[in-house]
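Engineer: Residue numbers (our numbering), protein chains in the order written: chain A, 1483 to 1586; chain B, 97 to 485; chain C, 56 to 214.
I should point out that these hints are in silico values taken from the structure, not numbers from a laboratory. Being a predicted model, the structure only gives us computed values, none of them experimental. Mixed in with the good hints there might be a few duds.
Claimed, not checked - Here are the simulated DMTMM-like cross-link-like pairs (lysine to aspartate or glutamate), alpha carbons at most 20 Å apart as the crow flies: (1) A/Lys1574 to C/Glu177; (2) C/Lys169 to B/Asp230; (3) C/Lys207 to B/Asp420; (4) B/Lys259 to C/Glu122; (5) B/Lys199 to C/Glu188; (6) C/Lys206 to B/Asp420.
Unchecked claim - Stretches of chain A that chain C covers, calculated by requiring three or more beta carbons in the stretch to come under 8 Å of a beta carbon on chain C: (7) 1499-1509; (8) 1512-1526; (9) 1541-1549; (10) 1556-1565; (11) 1568-1578.
By construction, the Cβ of each residue, glycine as well, lies at the ideal position given by its N, Cα and C atoms.
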Amino acid sequence: MIAIPLQHILIFSLLLFAIGLYGALVRRNIIGILISIELMVNASNINLIAFSKYTSLSPETGQIFALFVIALAATAAAVGLAIVLALYRIRKTVQADEVHLLKW
Amino acid sequence: MENIGSFIDMIFVTAKAWILALLGQFLPVWIVVLASIVISGVAILCLGPVIMMYLTLLERKVIGRIQNRYGPNRVGIWGLLQPIADGIKMFTKEDIVPANADKLIHLLAPIMTVVPALMIFVVVPFGRQMTAADLNIGFLYFIAVSSITILPIFMASWSSRNKYSLLGGMRTAAQLISYEVPMTLAAVPAIMMSQSLSTNTIVLTQAGSFGLNWFIFTPWGIVGFIVFFLCATAECNRPPFDLPEAESELVAGFHTEYSGMKFALFYMAEYMNAFTLCGIAATLFLGGWQGPFLPSWVWFFGKTLALICIMIWFRGTFPRFRVDHLMAFAWKFLLPLTLVNILLTALWQFTSASAAWLFSIMILAAMLYMLVKLNRVFVPEKRNYVLAD
Amino acid sequence: MAAILVFALGVVTFRNLFHCALCLAAALIGTAGIYIALQAEFLAGVQILLYVGGVITLVVFAIMLTEHLAGKTVRQNNAQSLPAIVGLAGFVTALIALILKTPWPVTEAALKAKTSAMGLGEALMGTYVFPFEVISIVLLAALIGTVVIAKKDAPEERP
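Isolated chain A, as found in the complex (with noise of 0.2 Å):
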């Protein structure tokens, strides 16, 4: 099953990460831009495994790497949607160019 060559994989997470780079870029909704960012986030992850795979002698480590990110954006949700609540409790609003006080 590995008949895939890495040039494939690679462009297909680089095309991932560009849409999610684009929808964190475009998108008014701050949860939007959240999920834009998980998106992101995962398209490095299949980076990390596609190279544990097929240029390292040691595969967990790759796979290790890929595990604590997947920690880390799971925690960088967590924290993002705590101030999005937050934010609403206040504001009544989640899109992103109506919360604009500290602009000049």
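Assemble the complex: chain A is given as a structure, and chains B and C must be docked to it using the hints.
Structural biologist: Quick look at chains B and C alone, frame taken from chain A:
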């Protein structure tokens, strides 16, 4: 006698091998491989709903007996055709979809509830060499797939556009994720002792000495089994943990707006979940398909049905948990208990037999005492009412 | 892989936020499939358990608490949509050229190396025990932080 015993034991395995040999005589190899997968898949797909149908009948009869009445006994002898009557009723009911509902998600939610419930059947070891797919991450697959079942509950509650569905859905989801953690941790000692995640290996580790090697006969096994069983009851939304779908509180919670076949799918998913969770509890702690005289699959079904009868017994006996009690029970009581259980397992492994029992009982007693003291129920202080005269 | 890209496009373009979360769940389950194809089964299981069972649940909880039920769908993209597409297209093209040119050190020995849950466990407790402890502290801090940020303030005492 020995030959007949082992023949009946392996009857399903030999039947499948015979069919595959028959096909292999005039078909290419890859079709035989495909046929092997298809036969297992078809067996599971036939077995699942049939088990679910007769589980509903078993439950109604056992609850009837607990409540001092017969269960359904009009349709067929002993009510054996009752599930078929139920099925016909569900099929012919009108399928009502609320006007404001999100149609695609409303349709997808019951399907996505049933699919993981069926997928778990793949790793359950029904008998000697009768696991449909002996994955070497079997237990992790089981936990991962049962954590997918949370998402369609959100889908169902959100797409119904109904405040009560939403509340019920959120409570159900909170309950399911809270009870998933102690369930996983309670099973970790069994995995530690058998050093493999594959369900078949876990069963084989409990072999020998006439059933005294089953994990339940060790101190960490008893605690682990009780915690796992309670969390399994909560994961299936069965009483006493069924607040989210209680008829008297939330008008059936997240499946309020479903009728007909979609409701039947939710119902089916709940019973299949109950069966697989009891099956996994039996493999982890009760020794799976092992037993002296009868064929292995008879032992497996016997143990699983005994556990299901205990679940039905809970339904007839206990009142419901209130939702904050439910959460407090999971996070403040079961979770520390499972963590101490893992410590106990390590202790058991590294000390001699009698000292291990003594230490374990002392530590467990201390832990339980502490937990009960720390979890005192919140009683508001008495208020003095000054009445107007 | 194409299916995952389609779901990812769905994530960034749907107007209804709940549909986006569901597309993300589908994309993550697809990624777990890719991990199985790359022979990292343990990580596939962990991905489904943590991401789909945990992160998506969190995201959906947050959506439910902050969206109106019969939501009128507002415009999802802000005005910077076109420069973003142009910039990203340039970025992607440059990187694809780079990927195709680099001689990646793919060795036969590396392709044959396998690991299992046991190997991962030994590595986690052996070589990588320090990151393991650190991440447990990080998770504890995140847990406490999340609870503190998101809890309601206690109602003030009436004098």
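Engineer: Checked against the structure, which of the hints given earlier come out wrong?
Structural biologist: Checked against the structure, the hints that fail are numbers 1, 5, while the rest are satisfied.
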